[in-house]
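Visitor: The residues making up each chain are set out below.
There are 2 protein chains.
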Amino acid sequence: MSGRILIVDDNPINIRLLEARLSAEYFDVISAASAAEAIAICKSQSLDLVLSDVMMPEMDGFELCRRLKADPQTTHLPVVLITALDQPSDRVKGLEAGADDFLSKPVRDLPLFSRVRSLTRLKQMMDELRRRAETASDIMTADEQVDAPVLRLPQIVVVGSDKRANAAVGRMMSEIGRVTSYEDHDEALQAIQNRDVVLCIVDLAGPPGKDPMRFLARCRSSEASRALPLIGITASDDDQTAAKALELGAHDYVQRPIDLNELNARARTQLARYRYGETLRMTVERTLELAVIDGLTGLHNRRFLDAHMGRAVSEAAKRQGAFSLMIADIDHFKRINDTHGHDVGDAVLQEFARRLEISVRASDLACRLGGEEFAVLLPNADQRTAEITAERFRKFVEATAFGVPGGAEITVTVSIGVAVYPASGEDATSLMRAADTALYKAKNEGRNRTAIAA
Amino acid sequence: MSGRILIVDDNPINIRLLEARLSAEYFDVISAASAAEAIAICKSQSLDLVLSDVMMPEMDGFELCRRLKADPQTTHLPVVLITALDQPSDRVKGLEAGADDFLSKPVRDLPLFSRVRSLTRLKQMMDELRRRAETASDIMTADEQVDAPVLRLPQIVVVGSDKRANAAVGRMMSEIGRVTSYEDHDEALQAIQNRDVVLCIVDLAGPPGKDPMRFLARCRSSEASRALPLIGITASDDDQTAAKALELGAHDYVQRPIDLNELNARARTQLARYRYGETLRMTVERTLELAVIDGLTGLHNRRFLDAHMGRAVSEAAKRQGAFSLMIADIDHFKRINDTHGHDVGDAVLQEFARRLEISVRASDLACRLGGEEFAVLLPNADQRTAEITAERFRKFVEATAFGVPGGAEITVTVSIGVAVYPASGEDATSLMRAADTALYKAKNEGRNRTAIAA
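So the sequence lines, in the order shown, correspond to chains B and D.
Just so you know, full-length UniProt numbering puts the end of the first sequence at 454, numbered straight through with nothing missing.
Just so you know, full-length UniProt numbering puts the end of the second sequence at 454, numbered straight through with nothing missing.
Read the hints as simulated data drawn from the structure, not as lab findings.
Everything numeric in this text was worked out from a predicted model, so none of it was measured.
Even glycine gets a Cβ: it sits at the ideal position worked out from N, Cα and C.
One or more hints might be untrue.
To be verified - Calculated Cβ distances over 10 Å to all of chain B for the following chain D residues:
hint	residue
1	Leu18
2	Glu63
3	Arg164
As the list claims (entries may be wrong) - Short derived list, chain B residues pointing at chain D, Cβ under 8 Å:
hint	residue
4	Arg4
5	Glu128
6	His342
Stated by the list, open to error - Per label pair, the in silico range of CB-to-CB distance:
hint	chain 1	residue 1	chain 2	residue 2	range
7	D	Leu17	B	Ala205	28 to 34 Å
8	B	Arg214	D	Arg171	45 to 51 Å
9	B	Thr413	D	Gln145	38 to 44 Å
10	B	Ser314	D	Gln45	26 to 32 Å
11	B	Pro72	D	Arg384	37 to 43 Å
With the rest of the complex left out, here is chain B (with noise of 0.2 Å):
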């Protein structure tokens, strides 16, 4: 897989070098000459991948790191810098500035192009998800907008075939979460299946027989545990391991001997991304449900009923089974709404929805069709079941006047009308006729009672 890569360089000789080694694994290459014009570039362009010096007057590449990652609109662009400086409290500095890796001069052809490769995967993997995600995020009130899920403690698990390793490694990460190590492959395998495991640290130094890379595959293959954070660890300046690793779908690695703080930054590292993709879906899931659910009330909306009906439908038919349909309308709501006021009457709304979510039971679809009325589909309920569940409701509506904002008290009726599949209707819309028959019946007889449908 091919993708677009900037480099960052003061220097037009080490850009020319870089691009010329780049272009030769068939990378689309761009360059820019100061930290500033890489800014104004990854702001205007689609890119896959930001390659920077660290060295460069004015702004370095610390600085543009933070400041791409600050930015929503460049953060999830993958950034790997380039130095001179080969100190772990360096490479760590860098981390902690955002980057997503750290590559010492002279800069090797194996751990470049593995590390080049994995990271334009994972972003171009992630970018079908993020357009959606910022599609979602457009349409979202400020109040709606998704926050990134807090990890409270998170659980990492760490594999290897040395026990005292392990407890080394395990205890270089008890800053960061609660660890449970694993020398067995296939226990770690269930382990990490846990939605709650949010980083998996693996020795791929194993003895003869036993393979790390076999449990890496089959991590990456399993789709419960394909997107979870992964880093190797190997020996030192094993290059091959490491960019095999990678390959299969490590996410990252460290080379013995293991700086703490290195291992640690790189954690928090991926544990960021992490939460980045997590907050991505989030965002798309929360909105395809805002398309079904009521603002005011959070019931599900006329929509959804609409799109469950049909299936309710065929799926009795199929089973000659009953379910009933119930249409809940307050009465003389334009009354309390004409004297209160729309809050008033907004607050109605709610607690009447909430009477009407505890009078059903689970497996009942509670909805708000549009203004103050309401639609209850209850699945294997008979006539006798429906008529139990509208009169309980209508009796709790009644039983206590509606607190509302403001401090009065408002007593509220409601009028219901009751259909029944088959003896009512056969489909969706005959049904939803005869319970609007039998709700105009019972407002008709008085109000505040329930009709049954012929």
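Given the coordinates of chain B, work out where chain D should sit on it, guided by the hints.
Guide: For chain D alone, kept in the frame of chain B given last:
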């Protein structure tokens, strides 16, 4: 990247051999001894690819493929058929059964692994989107389900350095769509940025200096053409080039001599897969839109207005500009509903929404708040502009009676309240309240009029 592969073969020795080869490349392999068993596994487990023998007793590989592709639950699974048959007509038969590729025995390593990797990656890229689309589809009514887009005379781009070879390929494709050929890579790249291009065929045997692989990589680096179906053409038995092309993102390839029917079948397979992806995208996008659309009138809903009011206020504050909000409420709507029934009431709401949309500027945002209450956000509109718009709409409603189902004509009038930022309020809530108060004033003063907030 790894993946989970199902091998289907009635010969256990074949299974063991293939399993060993794939497993050595770190794929997670399971097996089935018959097509029926394979179908059961595909329906119950999560998989990335099916690799099936053709000749099997009871149900053969063609039929297995057909059934998997016909079932919505398994249609997304890539299927590769393996067979001793080696005529182009056999391959065509496999492709027409819906297979994504057709490998001949003995299966060589390079075509096997490059194909399995490519199909697994494409499938996994689509998984995120497919999961969202499934959620979306669940909450849509039958009417709202998105159909696969119809590609009328799809545009096809042929790229190659040999004009006569391009023309020959173009003729082969003429049954499928309208072909344009390019010898120049830059021109071709420009052409495929067009959304109407749905297939690109690239001759990978370029002369020195013109590297078709680079064209392929650049095509994939650009966001507009990242998902474009791309078929490479290689020299006879040039597995090396074919493997590289798949790695760089080609979806498929044919080898010379090109068989007309095979190229056509592969092109159709690509178009079908493209349509599938587009359907998923449209399903999610459509559902996201539904979250902010009022189902009855097609106008935006209150949620969308709320999301935009906040932005309108902060933008107007920034550039010290004005904007207006108007709330319109149908007079005596309850009477229409009570006299003529819900169906007529709904028709009135729809016609009212239609007239409202005609009466406002394209930049204005018309919404249904709920029931018979509507709102319009008018960016950059001062009091005078808002008042003119409101009065134009009010007169348009009054001027001609509303035709409704059953042939009746109903005279409708509307009362309107207008609030102006910043005079009537400096935040969304107080503006809504001011417009609401003005609306009550219009109602109290006899309806069918516009009132401006103090």
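Visitor: A separate judgement is required for each hint: does it hold in the structure or not?
Guide: Right, here's what the structure says about each hint:
1. Non-interface status of D/Leu18 relative to chain B is upheld: no Cβ of that chain comes within 10 Å, the nearest being about 17 Å off.
2. Even its closest Cβ contact with chain B, about 27 Å, leaves D/Glu63 beyond 10 Å, as expected for a residue assigned away from the interface.
3. Every CB of chain B lies more than 10 Å from the CB of D/Arg164, the least distance being 28 Å, so the non-interface label holds.
4. For the restraint placing B/Arg4 at the interface with chain D, the shortest Cβ-Cβ distance is roughly 4 Å, inside the 8 Å limit, so the hint holds.
5. Annotation: interface hint on B/Glu128 holds; nearest CB of chain D at approximately 5 Å, less than 8 Å.
6. With a least beta-carbon distance of about 6 Å to chain D, the hint placing B/His342 at the interface is held under the 8 Å criterion.
7. Remark: the range hint 28 to 34 Å for D/Leu17 to B/Ala205 is upheld by a beta-carbon distance near 31 Å.
8. Separation of B/Arg214 from D/Arg171 is about 49 Å and conforms to the stated range, judged on CB atoms against 45 to 51 Å.
9. Between B/Thr413 and D/Gln145 the beta carbons are some 40 Å apart, a value that agrees with the proposed interval 38 to 44 Å.
10. Judged by the Cβ atoms, the range 26 to 32 Å given for B/Ser314 and D/Gln45 holds: they are separated by roughly 28 Å.
11. About 38 Å separates the C-beta atoms of B/Pro72 and D/Arg384, a value consistent with the hinted range of 37 to 43 Å.
Every hint from the earlier list agrees with this structure, and none is contradicted.
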